[in-house]
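K.L.:
Sequence:
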Amino acid sequence: MEMQYLQDAKNMTIRQLDGDNANAFLEDIVTSGDEHTPMSCGLFRMEKGNPLVYTYEYPEAKVILDGQMTISDGKTTVSAEAGDVLFFPINSTITFSSEDYGLGFTCGLRSLNGT
Numbered sequence: 001m002e003m004q005y006l007q008d009a010k011n012m013t014i015r016q017l018d019g020d021n022a023n024a025f026l027e028d029i030v031t032s033g034d035e036h037t038p039m040s041c042g043l044f045r046m047e048k049g050n051p052l053v054y055t056y057e058y059p060e061a062k063v064i065l066d067g068q069m070t071i072s073d074g075k076t077t078v079s080a081e082a083g084d085v086l087f088f089p090i091n092s093t094i095t096f097s098s099e100d101y102g103l104g105f106t107c108g109l110r111s112l113n114g115t
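Take our numbering: the last position of the sequence shown gets the number 115, and nothing is skipped along the way.
Treat the hints with caution; some may be incorrect.
No farther apart than 20 Å at their CA atoms in a straight line, the calculated lysine to any residue pairs in the SDA-like style are these [what the hints assert, rightly or not]:
hint: 1; residue 1: 10; residue 2: 101
hint: 2; residue 1: 48; residue 2: 79
hint: 3; residue 1: 75; residue 2: 90
hint: 4; residue 1: 48; residue 2: 70
hint: 5; residue 1: 48; residue 2: 35
Computed Cβ-Cβ distance ranges for the label pairs, DEER-style [what the hints assert, rightly or not]:
hint: 6; residue 1: 76; residue 2: 4; range: 31 to 37 Å
hint: 7; residue 1: 83; residue 2: 27; range: 20 to 26 Å
hint: 8; residue 1: 4; residue 2: 49; range: 17 to 23 Å
FYI, nobody ran anything at the bench for these hints, they're computed from the structure. Ideal Cβ placement from N, Cα and C applies to all residues, glycine included.
Sequences are here, hints too, so could you generate the full structure?
P.N.:
Right, dumping it as structure tokens:
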């Protein structure tokens, strides 16, 4: 597999997550293609409105690129801004919201579009 380069990826169209009333958007950009230990990375956007509550079936990290997201695991709540890094272990239930919008780079041990 060769290196992949995607110029200006943070401005790409990001699809809204299905089945939720949350203002949450996710678009996978790259994947390892490894069927035994898949890793997929992409962009996650949260907009003002209904929060997203998500239980992770895989470990994932997010780096906030722009804006702000309020993120809670039920015990700790943070206001994450550009440059902040978060890690979510398997079986963690996380609530995402935003007072305006937030954009993050996300990378998890899951198959492409395997939310």
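K.L.:
Checked against the structure, which of the hints given earlier come out wrong?
P.N.:
Numbers 5, 8 - these are the hints that the structure violates, sorted from lowest upward.
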